[in-house]
Structures are given as C-alpha cells and as structure tokens.
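Chains as they are written, first to last, in full-length UniProt numbering: chain Y, 1 to 240; chain G, 1 to 294.
Derived by calculation from the structure, the hints in this document are not laboratory data. Heads up, a few of these hints could be off.
[Claimed, not checked] Lysine-lysine pairs mimicking DSBU-like chemistry, simulated, CA-CA at most 30 Å apart: (1) K211/Y to K25/G; (2) K170/Y to K25/G; (3) K231/Y to K125/G; (4) K222/G to K56/Y; (5) K239/Y to K56/Y; (6) K125/G to K170/Y; (7) K211/G to K56/Y; (8) K220/Y to K125/G; (9) K238/Y to K211/Y; (10) K238/Y to K56/Y; (11) K211/G to K222/G.
[Unchecked claim] Just a few of them, taken from the derived set where beta-carbon distance is under 8 Å, the chain Y residues facing chain G: (12) P32; (13) V130; (14) A156; (15) D222.
[Unchecked claim] If you want the footprint, here are the derived chain Y segments under chain G, 3+ residues with CB under 8 Å: (16) 37 to 49; (17) 76 to 87; (18) 114 to 122; (19) 135 to 141; (20) 201 to 213.
Built from N, CA and C at the ideal position, the CB exists for glycine as well.
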Amino acid sequence: MKKLLLATALVAFSSGIAAAQTVRLGTEGAYPPFNFIDDAGQVAGFEREMGDEMCKRAGLTCEWVTNEWDSIIPNLQSGNYDVIIAGMSITEEREEIIDFSANYFPPAASAYAAASADADIAGGVVSAQVSTIQAAYIAESGATLLEFPTPDETIAAVRNGEAVAVFADKDYLRPFVEQSNGELMFVGDDVALGGGVGLGFRDSDDELRAKFDAAIESMKADGTLNAAIEKHFGPEAKKF
Amino acid sequence: MFEFCADPKAIEGLQWMMCYLTTGKHIDFYLSFGTVLLLLAITAPVALAFGFGGAMAARSHFAPLGLLGKGYIAMVRGVPDIIYFLFFVIALDQGIEWLTHQVRCPDWSEPIRQGLEFRVCPEAKVPHSSSPAIIHSAYNFGLAIITFAIVFGAFAANVLYGAMQAVPRAQLETAESYGMTPRQVFRRILVPQMWVYALPGLSNLWMILIKATPLLFLLGVKDIVYWARELGGTKTQAFAYPHPDWRLWYFLFLLVFYLAFTRVSEIVLSRITTRLSHGQATAAGEMLRKAGAR
C-alpha cells in the first residue's frame with residue numbers, strides 16, 4: 001500500500017512537471033474595447049477574444065493576468081507573464097527593449113477629444129496616458145502634457161476641465177465621444193502614430209513569438225481578425 | 001444574482017441598481033475589503049514580532065547583534081516606503097526564483113540575467129506558471145505581508161526600543177535586589193511595564209498601516225482602492241451596466257470605511273491604554289489609582 005501511494009505520488013509529481021507550460025498573457029484591463037474587466041470580473045474585449053483564439057490555434061494553454069500599464073514592460077521582463085496583449089502600439093523605442101509580433105490591429109489614427117470645438121490643442125493642456133506614443137507625441141507638439149496612469153482618468157480630466165483635450169487612440173475614444181450626449185467631440189485632425197498594435201515578448205522568447213506570429217497570420221488570412229475588429233470597434237474602424 | 005438581471009439593458013431604477021451592485025465585479029470589490037482586513041490581521045502581529053526582535057537585538061550587549069538591530073532600524077526607517085515596495089519585493093521574488101533555479105536546474109547553461117530580463121528555467125518559476133490564479137494571488141499576498149512586516153517592524157522596533165528604555169530604572173533595580181536574574185527582570189518587569197510607553201507609538205503605526213494598505217496594488221494585490229477606481233470609471237455601452245464617472249461615490253464610500261475603521265481602532269486602543277495604565281508608576285496610572293480610591 002505504501003509503495004502504491006508512493007508510486008502514485010511520484011507519477012502525479014512528474015506529470016505535473018511534464019504538463020504543458022501555461023502561457024501567461026498580461027493585459028491592462030482598463031482600455032475598452034481592446035481589453036477591460038467585464039461586469040463578471042473577467043478580462044474581456046477584442047484582445048480577450050483574439051488572445052484566446054491565438055492560443056487555441058497555437059495549441060497553448062493560456063491564462064490572463066492584469067497589470068498596471070506603467071509597469072507592464074518591466075513585469076514582462078522579470079517573468080511575471082510571458083506576453084503583453086494590451087493595445088500596445090509597435091514603436092522603435094519599445095522594439096529596443098522587447099520584441100513585437102506581427103500587428104493584429106492595423107496602424108490606426110490617434111485623435112483629440114475635447115469639451116468644446118474651439119479647444120486650444122496646439123498650446124493648451126492636453127491629457128494622455130503615461131508611457132504611450134500619444135504622450136510622447138503631445139510632449140513634442142508644444143501643448144502642455146498632463147499624464148495619467150489609466151486611460152479613464154485622461155477623459156475624466158477633460159470633463160472636469162483639468163485639460164482642454166485628451167489625445168488617445170481614436171478607436172478607444174469613439175464610444176466615449178458618441179455616448180457623451182454631445183459633451184465631448186473630436187477636434188483637430190487625426191494623427192497616424194505607431195505601426196499598429198502587436199503582442200510584446202521578451203527578446204529571448206523567439207520560439208513563443210513564432211507560434212503567435214503563425215496564429216496571427218492565419219487569423220488575418222481567414223478573416224477572423226477583420227470580423228472581430230468590425231464587431232468590437234464598429235464599421236468605421238480600419239481593417240486589414 | 002437575481003432573476004431579473006438577465007438583461008441589464010432592459011431594466012432601470014431600483015432593479016438596475018440592485019443588479020449593478022451584485023455583479024461579479026462588485027462581489028470582488030466587497031471581497032477585497034476582506035483582503036485588506038486579512039492583511040492587517042496578519043501583518044500587525046508579524047510586524048510586532050519583527051519589532052520586538054529588532055528592539056531586543058538593538059539593546060543587545062553582544063556587538064554584532066546590536067549592530068544588526070540598529071542597522072535594520074536605521075535602514076528601513078531611512079528609505080522611503082515606496083522604494084521598499086517597488087525594489088524589495090522584486091528583489092525578494094527574484095531571489096527566491098534564483099535559489100529554486102540553482103536547485104532544480106543545475107544544468108541550465110543560459111545566463112539568468114540577459115540585459116534587462118530575468119530568466120530562470122520554467123521549473124524554477126515561483127509560483128509555477130501553470131498554477132491556478134489563486135496560488136499566484138496567495139503568493140503576491142504573502143510577499144505583501146513580508147514587505148509590510150519588515151517596513152512596519154522597523155518602526156515598531158524603534159518604538160519598543162524607546163519604551164524599554166523608558167521603564168523607570170528604580171523598578172528594574174528593585175527586581176534585581178530581590179535576586180532576579182537579568183532574564184527574569186526582562187521578562188517579569190521590563191516587558192510588562194514597557195507596553196504603556198510603547199502604546200502611543202504603536203497606535204500611530206497601526207493607523208498608518210491602515211492607511212498604507214492601498215500600497216497593496218503596487219504588489220499586484222487588487223485592493224479596495226483598485227476596485228473603487230476600476231468600478232467608478234466611466235463605462236461605455238461595451239459594458240453590461242454603462243454609467244458615467246462615479247468615482248466620487250466609490251471614493252466617498254472608501255472614505256466612510258476608512259474613517260469608521262480608524263474610529264473603531266481609536267476606541268479599542270484607548271481601552272487598551274486604560275487597561276495597561278493600571279498600577280503603573282505614570283501620571284495615567286496615578287489618576288486611575290486615585291479614581292479607584294475614591
């Protein structure tokens with residue numbers, strides 16, 4: 001009996017080690033419709049759906065983890081999760097420290113949303129989320145940059161008058177503008193920034209990146225991505 | 001939770017509110033109050049133990065131990081908390097993984113540090129990447145407790161050190177003259193008497209600890225402030241329960257919670273103070289004696 005117990009314990013132990021590695025997907029959970037925490041407390045949105053589909057096609061077991069946007073790259077590097085899937089635009093600065101997959105969301109426009117049509121976006125106070133390409137753009141543009149840790153706060157800053165406008169991904173801002181009963185509106189011209197949204201990987205994780213690249217490729221080819229973009233971002237969103 | 005919640009967009013008024021306040025996300029919010037209380041319930045005694053150990057070490061006549069105790073107090077008190085919460089936790093986490101890596105993967109050839117990356121073999125990940133989410137939460141929670149205990153333990157050590165010095169020398173001398181050993185003097189006279197001197201300082205620390213719990217989110221534990229911010233933010237139609245910016249209401253609720261909690265703490269602490277002052281050679285003890293004599 002003892003031997004039997006020992007044997008089962010050993011089998012259980014070794015099979016635990018041999019079991020497929022779980023890939024941990026790190027997201028922000030505060031950037032609808034890309035990713036957000038739904039009313040059941042689960043990660044939801046475009047990236048949830050696409051991430052699950054990519055894992056299925058790559059034959060991986062995946063688990064979702066949320067992390068503050070500001071520390072999302074350092075925590076990838078220290079191994080708290082294996083993939084960043086958080087609406088992160090592909091830029092040269094980020095390429096230097098992490099690797100990106102092919103984009104799964106096309107290079108899209110960033111836009112200003114303001115509370116009045118004559119908002120001074122060239123020289124006034126403009127809010128943007130910290131460590132984003134939009135924040136970098138505003139810092140260069142001559143306007144005064146007001147940074148916030150979460151995207152939601154950047155919009156709240158416009159509503160309460162702290163900033164004259166918010167500068168963010170147009171696809172993120174659109175639902176807020178459309179559902180604001182005319183309180184918010186797009187002003188100025190759209191700006192094209194970044195090389196689309198991609199998954200972030202550690203530099204040393206080329207094998208994992210190749211698997212996800214293949215999954216993204218097949219989802220682009222069979223139209224799954226375009227259908228999901230249409231579903232989550234509406235007919236106006238740019239597609240592949 | 002309720003049957004009529006099946007289609008949230010079709011209901012309104014009180015029903016909508018009832019459904020809204022019982023979503024899974026709100027349940028997580030309510031449970032996070034438990035997380036905070038649990039953290040306090042575990043951290044307070046652990047920090048006190050750290051403090052006691054630190055104070056005893058600092059008082060020690062054995063030089064290395066004395067230096068260790070004083071060094072601990074000076075180090076932690078001198079460095080901003082937020083640096084501890086950002087740096088120390090990462091160092092601790094990576095230290096644990098580095099050790100398990102040495103044990104489980106002796107044949108691993110790649111370097112662990114690659115530029116900015118920290119990469120141990122998959123078997124050495126703590127907790128293992130395939131562990132359920134609850135294990136990961138528990139691990140983060142454990143790291144949080146250790147960090148809080150070390151930081152607050154240093155302050156408690158300083159408070160207890162001062163309290164031990166404040167016990168009147170005459171009391172200890174009397175004990176010695178009765179023939180007690182230094183160990184007996186410490187245990188029977190010094191420790192029971194020092195609490196009354198330590199209590200104001202310790203109660204301060206307790207209040208600061210209560211208010212420091214929002215730092216939990218830095219450690220990957222979703223606390224009440226995280227959920228208040230998350231739930232209160234503007235919700236578009238992508239959510240089942242869209243609403244404008246309600247952060248004000250959520251934070252008002254937290255204000256009430258923290259005020260009520262600190263008020264209850266104050267009442268309890270003042271009772272403990274009265275209790276500990278009985279028979280003490282202090283002004284408070286003297287007042288109690290006179291009140292009793294009347």
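Here's how the hints hold up against the structure:
Taken as a hint, the K211/Y and K25/G pair is broken in the structure, with Cα atoms around 33 Å apart against an allowance of 30 Å. Distance restraint check for K170/Y and K25/G: the Cα-Cα separation of roughly 27 Å lies within the 30 Å cut-off, and the hinted pair is therefore satisfied. A distance of roughly 38 Å separates the Cα atoms of K231/Y and K125/G; the hinted pair therefore is violated under the 30 Å criterion. This hinted pair checks out: K222/G and K56/Y have alpha carbons roughly 29 Å apart, not beyond 30 Å.
Restraint check for K239/Y and K56/Y: the C-alpha separation of about 22 Å stays at or below 30 Å, so the hint holds. Between K125/G and K170/Y, the direct Cα distance comes to roughly 39 Å. Violation of the 30 Å bound is thereby established for this hinted pair. About 44 Å separates the Cα atoms of K211/G and K56/Y, which puts this hinted pair outside 30 Å; it is violated. Our distance criterion of 30 Å between C-alpha atoms is broken by K220/Y and K125/G, whose separation comes to about 34 Å.
For the given pair, K238/Y sits about 25 Å from K211/Y by alpha-carbon distance, which is consistent with the 30 Å threshold. Distance check on the hinted pair: K238/Y and K56/Y sit about 25 Å apart at the alpha-carbon level, within 30 Å; holds. In summary, the hint linking K211/G to K222/G is supported, as the alpha carbons are separated by about 15 Å, within the 30 Å threshold. Hint on P32/Y holds. Least Cβ distance to chain G is approximately 5 Å, under the 8 Å limit.
Below 8 Å, beta-carbon pairs count as interface contacts, and V130/Y has none with chain G, the closest being about 15 Å; its hint is therefore violated. The interface hint given for A156/Y is met, as the beta carbon of that residue sits about 5 Å from the closest beta carbon of chain G, less than 8 Å. The beta carbon of D222/Y is not positioned within 8 Å of any beta carbon in chain G (closest approach about 25 Å), and the interface hint is therefore violated. For the stretch 37 to 49 of chain Y, the assignment as covered by chain G holds, since 7 residues bring a beta-carbon within under 8 Å of that chain's beta-carbons and 3 suffice.
Counting residues of the stretch 76 to 87 of chain Y whose beta carbon lies closer than 8 Å to any beta carbon of chain G gives 5, which reaches the threshold of three, so the coverage claim holds. Only residues whose beta carbon comes within less than 8 Å of a beta carbon in chain G count, and the stretch 114 to 122 of chain Y has 0; fewer than three means the coverage is violated. For the stretch 135 to 141 of chain Y, the assignment as covered by chain G is violated, since 0 residues bring a beta-carbon within under 8 Å of that chain's beta-carbons and 3 are needed. Only when three residues or more bring their CB closer than 8 Å to a CB of chain G does the claim for the stretch 201 to 213 of chain Y stand; here the count is 3, and the claim holds.
The structure fails hints 1, 3, 6, 7, 8, 13, 15, 18 and 19 (numbered hints given earlier, in ascending order).
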